[in-house]
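Novice: So you can see what is in the structure, the chains are spelled out below.
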Amino acid sequence: MAIDYGNTPGSNQFVSATMNGAAWALLTDLSDLFQFCVDLNPHQTGSTDNQIGQVKWDDAMSSLGETDTVSATDPTMSNVTVSVGRYALRRDVSDLYSLAGPPSGATIADFAARMADAASRARTAAVTAMFGSLSNSVTSGGGTALDADTFYNAMFQLTESRVPGPWVCVLSPTQLVNLQNALRSETGPTQYVPATQEMLRGAGPGLAGLFEGVQIWSSDQVEDDGTDATGAMWGMGAFGYQEMPVAQIGALPGVIAQSVPAASPILVEFDRTAADATSSVIGSYYFGVVEVEDARGVGIVSDIS
Amino acid sequence: MSSIIGTRIRGEERADRPRLPSSVTGRAPFLYMSHPFSWTWSDEEGPGEWLPRLLRMTIQPGVNGVRRDGSTTPARTMAAERGCAVIEYNDPRLGKWQDYVQAFETKNGRRVHRSIFESVRVIAGRVRWKQDRSEYLSFLRHLVASGVIPPIDPDVAHELTGRERSTLQRLKQRSARNPADPNLAARVEAQQARVDAMTGAGRPVAQPKPRRRKKAPKDTANGGASFVGVPAPPGPSDV
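Chains L and C, in that order, give the protein sequences. Each residue of the first sequence is one higher than the one before, counting from 4 in this note's numbering. Each residue of the second sequence is one higher than the one before, counting from 33 in this note's numbering.
Derived from the structure by calculation, the hints contain no laboratory data. Owing to the predicted nature of the structure, the values given are computational and were not obtained by experimental measurement. Just so you know, not all the hints are guaranteed correct.
What the hints assert, rightly or not - Away from chain C, derived, C-beta distances all over 10 Å, residues of chain L:
1) L33
2) F39
3) S74
4) A128
5) D152
6) P208
7) S282
Said to hold, decoys possible - Stretches of chain L that chain C covers, calculated by requiring three or more beta carbons in the stretch to come under 8 Å of a beta carbon on chain C:
8) 56-68
9) 169-182
Said to hold, decoys possible - One side only, chain C facing chain L, incomplete, derived with CB under 10 Å:
10) R42
11) T57
12) W73
13) L87
14) V95
15) R99
16) R100
17) T109
18) G115
19) K139
20) R143
21) R158
22) Q163
23) R226
No residue lacks a Cβ here, since even glycine has one placed at the ideal position from N, Cα and C.
All chains, full assembly: derive it from the sequences and hints.
Specialist: Okay, here's the thing in structure tokens:
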């Protein structure tokens with residue numbers, strides 16, 4: 004009689020399944036849009052609300068008579084307010100989970116290390132949430148897929164508004180696919196531009212390509228209303244952010260934190276509840292985003308169905 | 033002796049109520065806003081009409097001036113300076129569309145705020161959101177008809193129409209260079225019909241019919257204040 008895989012009752016030498024040594028990371032879009040926002044930086048000013056003063060330097064000198072008295076001209080001034088909010092994520096890990104030997108990639112240390120990704124997701128969501136408040140927008144028509152003309156219309160809008168480059172465009176994945184599809188059927192000069200061919204290459208989340216000098220990114224955090232998604236194209240200065248460095252919190256007595264670099268905005272702490280036999284990993288991040296100048300951005304509204 | 037009355041637990045309060053999968057990311061509540069320049073030409077129902085394109089103020093601490101306690105005061109101030117007008121949840125003029133935000137819950141406790149015009153289906157673990165487009169368009173028309181949003185300014189309509197005409201111009205130029213491209217020809221035709229409808233319609237949404245014809249006022253200095261039709265942009269001859 005052969006020894007086989009557990010057919011003999013009472014002599015099964017195998018467990019039903021084992022945990023692989025390494026965990027597989029599932030698909031996640033970790034595009035970080037803070038790189039296209041201006042660091043407004045004044046932290047620790049005594050308030051969580053910070054007014055950013057704005058001045059428009061558009062006054063030209065005017066001609067006067069030889070002895071005329073020149074009158075004072077005030078520059079156009081305004082301000083926007085950045086409010087810093089608290090963002091956090093907590094993971095609870097039972098002792099049994101740790102003792103049983105979790106796979107590499109899903110240990111308590113990994114949960115701590117991945118807090119930076121969670122912060123990245125939070126701030127990208129905060130930036131994409133502002134797309135819907137841009138007063139300028141272009142659309143291919145309600146319930147109509149994004150086409151190349153609409154993309155150009157967004158560029159023309161920024162040109163009309165005198166927005167300096169570089170420009171970046173962030174679209175939902177479906178908007179990006181529709182744009183690529185539209186470029187496939189482009190005729191005339193556009194079809195021969197190398198960037199057109201480049202845009203048609205498969206690309207994962209994040210940077211999809213460069214088209215007509217505009218960096219095109221896709222993010223699954225671009226918001227939609229069930230019919231249309233609202234992406235955006237903007238030049239630097241449209242959006243800004245502030246984040247608070249947390250090193251001094253990490254230095255407080257009683258805080259069991261990972262080593263926090265001096266300028267790090269993300270604090271990762273461990274907490275222990277002995278009665279529950281549970282360890283917690285808590286990541287904290289304090290930041291705020293603001294639409295600094297409405298005219299520097301344009302929403303791109305198109306169908307996602 | 034007063035009796036103690038229990039509260040009947042209804043569908044959305046039941047412990048076993050269906051929730052969205054944990055993979056769905058949360059979304060903060062929002063307020064709709066209007067902006068004088070934020071209009072779109074909609075030809076989804078009928079020949080076409082100008083409808084407001086609603087902006088959103090996301091009510092999430094740290095986003096665009098929303099304070100850590102959820103106060104929207106700085107956010108509202110900034111929005112007003114940009115020319116936006118907030119549409120309050122409890123504006124009585126909204127009628128049945130008051131409280132236009134609904135919240136869904138995920139299995140891990142996140143809240144996903146969406147408009148009341150959206151519904152969700154989970155098919156094999158995949159989440160599909162769908163907007164009741166017809167209801168949403170009715171809502172947009174109602175916003176104008178009820179005075180929540182003033183009708184489109186004629187100059188704004190003129191400007192937005194001009195952009196569509198520029199698009200038509202470009203399409204025609206490309207079509208002239210590629211006369212054998214049927215796809216391009218079809219787009220020219222569709223865009224031409226769109227521009228024709230815009231220039232021909234010339235009437236903002238939900239304007240009440242005048243009961244009697246009034247003599248036109250002599251003073252037209254403030255002619256844009258009350259209008260029945262949007263003045264048509266220069267004719268299609270230069271398109």
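Novice: Is the Cβ of S74/L farther than 10 Å from every Cβ of chain C?
Specialist: holds, 27 Å
Novice: Do the numbers back the hint for G115/C, that is, is its least Cβ distance to chain L under 10 Å?
Specialist: It holds, given that the least Cβ distance between G115/C and chain L is near 7 Å, below 10 Å.
Novice: Under 10 Å is the threshold here; is the Cβ of R143/C close enough to any Cβ of chain L for the hint to stand?
Specialist: violated, 14 Å
Novice: So, as I understand it, the hint says K139/C touches chain L; can you test that by seeing if any CB pair is closer than 10 Å?
Specialist: Violated. Min distance 16 Å.
Novice: Using the nearest Cβ pair, does Q163/C come within less than 10 Å of chain L?
Specialist: holds, 3 Å
Novice: Verify the interface restraint on W73/C: the C-beta must sit less than 10 Å from at least one C-beta of chain L.
Specialist: holds, 8 Å
Novice: Any CB of chain L closer than 10 Å to the CB of R99/C?
Specialist: holds, 5 Å
Novice: Minimum C-beta separation from D152/L to chain C exceeding 10 Å: can you confirm that?
Specialist: Non-interface label on D152/L violated, nearest chain C Cβ at 6 Å vs cutoff 10 Å.
Novice: When you look at the beta carbon of S282/L, is every beta carbon of chain C farther off than 10 Å?
Specialist: Holds, since 19 Å exceeds 10 Å.
Novice: Please check whether the segment 169-182 of chain L has three or more residues whose CB lies within less than 8 Å of a CB on chain C.
Specialist: Coverage by chain C is violated for the segment 169-182 of chain L (0 residues, Cβ < 8 Å).
Novice: Does the CB of R158/C sit less than 10 Å away from some CB of chain L?
Specialist: violated, 13 Å
Novice: Given R100/C was flagged as interface, is its beta-carbon under 10 Å from a beta-carbon of chain L?
Specialist: holds, 5 Å
Checked against the numbered hints given earlier, this structure breaks hints 4, 5, 8, 9, 10, 19, 20, 21; the rest are met.
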